[in-house]
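Line by line, the protein sequences are chains L, V, X and E.
Quick note: the first sequence, position 171, residue 171 per the working numbering, numbers continuous.
Quick note: the second sequence, position 86, residue 86 per the working numbering, numbers continuous.
Quick note: the third sequence, position 141, residue 141 per the working numbering, numbers continuous.
Quick note: the fourth sequence, position 276, residue 276 per the working numbering, numbers continuous.
Keep in mind the hints are simulated off the structure, nothing from the lab.
Predicted, not measured: the structure shown is a model, and the values here were computed from it.
Please note that the accuracy of each hint is not assured.
Pairs involving identical chains hold if they fit within one copy or between any two copies, as the list cannot separate such chains.
Taking lysine-lysine and the DSSO-like style, the derived pairs with C-alpha atoms no more than 30 Å apart in a straight line are [said to hold, decoys possible]:
| # | residue 1 | residue 2 |
| --- | --- | --- |
| 1 | Lys163 | Lys52 |
| 2 | Lys52 | Lys204 |
| 3 | Lys204 | Lys163 |
| 4 | Lys79 | Lys163 |
| 5 | Lys204 | Lys94 |
There are 4 protein chains.
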Amino acid sequence: MLNVAIIGASGYTGVELVRLLSNHPNVVLRMVTSRQFAGQPISQVFPNLRNKVDLICENPDIDRLCASADLFFAAVPHKTAMDLVPQLRRAGRKVIDLSADFRLRDQAVYEEWYQPHSSAQFLGEAVYGLPELYRRDIAGSSLVANPGCYPTSIILGLAPLLKAGAIEPTTIIADSKSGTSGAGRVAQLGSLFCEVADGFRAYKVGGTHRHTPEIEQELSLLHGSPVRVTFTPHLLPISRGILSTVYARLQPGYTADAISQLYREMYADEPFVRVLPPDILPATQHVRGSNYCDIGFSIDQRTGRIIVLSAIDNIVKGAAGQAVQNLNIMHGFAETAGLSAVPLFP
Amino acid sequence: MLNVAIIGASGYTGVELVRLLSNHPNVVLRMVTSRQFAGQPISQVFPNLRNKVDLICENPDIDRLCASADLFFAAVPHKTAMDLVPQLRRAGRKVIDLSADFRLRDQAVYEEWYQPHSSAQFLGEAVYGLPELYRRDIAGSSLVANPGCYPTSIILGLAPLLKAGAIEPTTIIADSKSGTSGAGRVAQLGSLFCEVADGFRAYKVGGTHRHTPEIEQELSLLHGSPVRVTFTPHLLPISRGILSTVYARLQPGYTADAISQLYREMYADEPFVRVLPPDILPATQHVRGSNYCDIGFSIDQRTGRIIVLSAIDNIVKGAAGQAVQNLNIMHGFAETAGLSAVPLFP
Amino acid sequence: MLNVAIIGASGYTGVELVRLLSNHPNVVLRMVTSRQFAGQPISQVFPNLRNKVDLICENPDIDRLCASADLFFAAVPHKTAMDLVPQLRRAGRKVIDLSADFRLRDQAVYEEWYQPHSSAQFLGEAVYGLPELYRRDIAGSSLVANPGCYPTSIILGLAPLLKAGAIEPTTIIADSKSGTSGAGRVAQLGSLFCEVADGFRAYKVGGTHRHTPEIEQELSLLHGSPVRVTFTPHLLPISRGILSTVYARLQPGYTADAISQLYREMYADEPFVRVLPPDILPATQHVRGSNYCDIGFSIDQRTGRIIVLSAIDNIVKGAAGQAVQNLNIMHGFAETAGLSAVPLFP
Amino acid sequence: MLNVAIIGASGYTGVELVRLLSNHPNVVLRMVTSRQFAGQPISQVFPNLRNKVDLICENPDIDRLCASADLFFAAVPHKTAMDLVPQLRRAGRKVIDLSADFRLRDQAVYEEWYQPHSSAQFLGEAVYGLPELYRRDIAGSSLVANPGCYPTSIILGLAPLLKAGAIEPTTIIADSKSGTSGAGRVAQLGSLFCEVADGFRAYKVGGTHRHTPEIEQELSLLHGSPVRVTFTPHLLPISRGILSTVYARLQPGYTADAISQLYREMYADEPFVRVLPPDILPATQHVRGSNYCDIGFSIDQRTGRIIVLSAIDNIVKGAAGQAVQNLNIMHGFAETAGLSAVPLFP
């Protein structure tokens, strides 16, 4: 059994990691930390965990952490992660970092979108934790940068098309809609029930959302040269789920069957990507609580565009579930270990 | 006082018409029809109307209808409308038709997207009831084709840009999200609470939604030559509201200030269009229950695209409210008569 | 035109007061205050108000307030109100206080449930602002204590029964369910969308909610001797609405018709109480956005209990709307002035 | 491995059974039936099942059913069940019936609330499938009548009190609130998103809901003599979850500690009942997707009443999960087999 700990367990990603790990056959959760709730049982912070998990939230202490576990999930904000992760790595511990701090390969790009990077020497070591693209690298890695939720949905949606050169890369637009858990468990006006419920809006429009460089990095690598996208996030009045509607002009000659073939080939052996037939469309409620990414597409013959629809649960495949998938790959466990739940519907 | 009647009052558009008209200073609602609920008080079908409206739903009978009112709101499905409207017109009655049957100027286009048109001779008489574009024509008209909900949001969002030639018309993509009332008050599995709540999905993707030709007709007229758009509707887990996120490449040289100026000029005197400053974004919850269309935009400098965001209440500005606005224009009433409610928030 | 001001306009009650007053035919809103948003346009804090209200939020200053208006809505927390209201009253201004500070007639009871009362000398002057019980007193009053939301629904539901002696007063149980706006526009974990949505729970169970003494004061007055109730509030995943389900044992001999008669008699001329026929049940969605209180009941013959169901919009009849109704009574305006909107459904 | 089949798999209970059984370590799901969707893959009817279950919905045929499995879940409406179950029993098959047809021990009571019973000879054989009360009987049974959702929450909430004689049985009131999945996957106006969302109402008030006799049967058995309750169901705008708020007068002398002790003793070894400390209250969102019943209580010292709060997921502990728990008991599997998922929050 592998001993693991979660640093920053009192957010929505944290509680989801606890939920998934508590049913994992190869893992024992040894410690959870939370500055805000230190001293309280995690099952008091999140009563869904009652009778399942009896850990007490602790203040993060690097020595006690290292004594407790061999692999760490860092579910702390960016900037905090870049201080914490090096300490764990220097102590020889494996880390799956769920922040943005080690996702961008280019320090300059990181610093353009975030702030100065104090641990840039670890950027080269980090592997971008999208198993469908980097499974082999993840298997050999000790530091995995777990992808962002929006990027996961968009990159998986476009990968087969970009690899095959089936679309014009200058025409990519990603219109994404996320559940409110993506805003975190933070007491702020904009996340109140009455502000979000029965409503809908966009935010950080016009190329200002920090997931943009992460999306472009991976799309550019898939395409083989720099790609820029217009990315628009929206806030849905649901707790869980992202649907990305991605537009691009199709290169001449691609039929629906040919496109379908590209998806089926690339994802044939993927345990968590479900490719839908042409014109069958995914829905967030059909992946709820699961690690699946459901992908569908339609071709608009009148305008020559393909519309790709990609649905994930933002807390699972977009965060905690993908992190567990990465753990499974890093340790040679069955890739679906702890992740076999059927989506909860309704 | 103008005598009016609503044909097809038992849908969500019907009840909203009743709600708006019951507080209208210049109008008396004389009759409501509903085959399904004939003989029942409308306030039993919609208990929100208790004590406010005491009409009984009647079976539609053309003679009784004509005897009751001078202006009719036809809130019946397309195809039914093309049979009904000519009878009312031949009897000299004014009609605001909320179906699609008289919105498309070109019979061939109508028949391509719907079915054969049995009253095509009335197409020429009908005025497309978007006051911001056709106020003068509406004022003199006896048959107004009330616009669709999606088209209203998209056309108002793009009109200033197309008129000014500020965007490349081949690059227009409209990603729209609608509340579930848009699916009508019809007992069908896909509209059940448990199917829609806590979820999100697209439908009729790839240029297959019937609002597409209506959008293109008006955008083409604004541009001066044919425009084709990629239009993707989505279903939101809210009752009311449409947010359209519209993308296009900006022609060189347009700054945010210049764009802002285009919107403010075109909509300066419009009572129901609220233009937001650059990068201030609309939300459906801020127009709820009102006839407003809130429009905002951002420019993505990195990709050269403008992103226009347009929010309406689909049952009000997208249907019943716009119909009342048209009535006001047709009869020389104050354009805001019956429509002065402040949006309900939260 | 009456000049009014709202002190504490940045909560959900505040914005609703602004909404209602902006369409009031006899009133001009002169000032809104908010410490948190001082200097910002109220239409920026609440974008639903755009183009309708152009006031800037101000810091509350007693001299400037008194110079601006003749009647004040105090929408500040309890304890703050007991400092503020005396200043306004000493300056000869009328006040409708939406806090709990002047609702309880007995200072000792207030201090048992809240804290020491620093302005107890005003308790005698204050009138409990439930028009259905105290219309005449309100008309002559300069200080109205606007009722709490839960008490409004429960007292209106029980008044005819208690007045007639139709129920056993020791058997009253009020099981109430409120929308989340009742928790205020306060950034706190428990009010976040993800904590409330798709869930349901009770809170302050077992006679601990501070609305209990207010409910009991009024029920006791109706009954003629002290009444104690078991009151259980619950949190609904909706923004607006309270449904109270109230239980009591019926005295022998009361039929449904007789009970119905009691309700119809007491509320015959009430503009905002809609009495439903036996076994027809109210719903919060049918009073949304309106000042109505819908009341229905059923008799459980098997157990000898009556079950009364009372639905209001907690922000309207439970707060802002009732305050405007009180204003109308105090100034001799039509009681429905500014309050004639039909409930918004769906 | 046990071969099982689900008769009536296209409702919300059906899909939940499929979800739970597909991860059950000791069971193979061999057949699913649905008249409505016969010939379609169940994963097309419920796309959450994609890649997990590849069965095709079949028309129910008793011979083919009996050839496919040894144990059957009958998830068909009452009346249909009383025709079907005897055929399966006569063929020697075990049945867990999720309808009401075999829950009531007294045929006369059944016929008073439902209709004539055509298979009353099986009533004696059937065991009421509430494991916390009848585990031993279930273990030896071949026909289990799976309890209703409301009764499960109410009976588990009251059992320790009634067994100990801690409450006055004539004073019991159960105010229950259920998610909309309880209304079934049936295309009807009242279950539409726009009718339910953002609203709340009671239904079947006054002792008219058919779960009443089932509740009373079990409470009477616990108490030792007939008990009647006032039971009021309400419809929550959520998909899953029931919260029952149950009131009764406490017998003299019971402290919170003593009550707590009663609950802890009765449920000490129960895998699916989580007893909360006094004044800690359950919430439906903390049992979502799980087989837990969370029970809390408060004592209202002022009125001498105890308020018991009981939360379940109506589709799991209230239907499919309890059925799987019964299967586990009938076959000597670990009682938590297939049911170990942590509740999904948020």
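Checked hints:
1. In the homo-oligomer, the alpha carbons of Lys163 and Lys52 lie at most 30 Å apart only across protomers (28 Å), although the nearest pairing inside one protomer, at 44 Å, exceeds that limit.
2. Within a single copy, Lys52 and Lys204 get their C-alpha atoms only as close as 38 Å, which misses the 30 Å cut-off; across copies the closest is 27 Å, which meets it.
3. Taking the shortest alpha-carbon separations for Lys204 and Lys163, both the intra-copy value of 29 Å and the inter-copy value of 27 Å come in at or below 30 Å.
4. With identical chains, the CA atoms of Lys79 and Lys163 are never at most 30 Å apart, being 33 Å at best within one copy and 47 Å at best between copies.
5. Taking the shortest Cα distances, Lys204 and Lys94 never come within 30 Å of each other, neither inside one copy (34 Å) nor across copies (45 Å).
Going down the numbered hints, you'll see the structure goes against 4 and 5, while the others check out.
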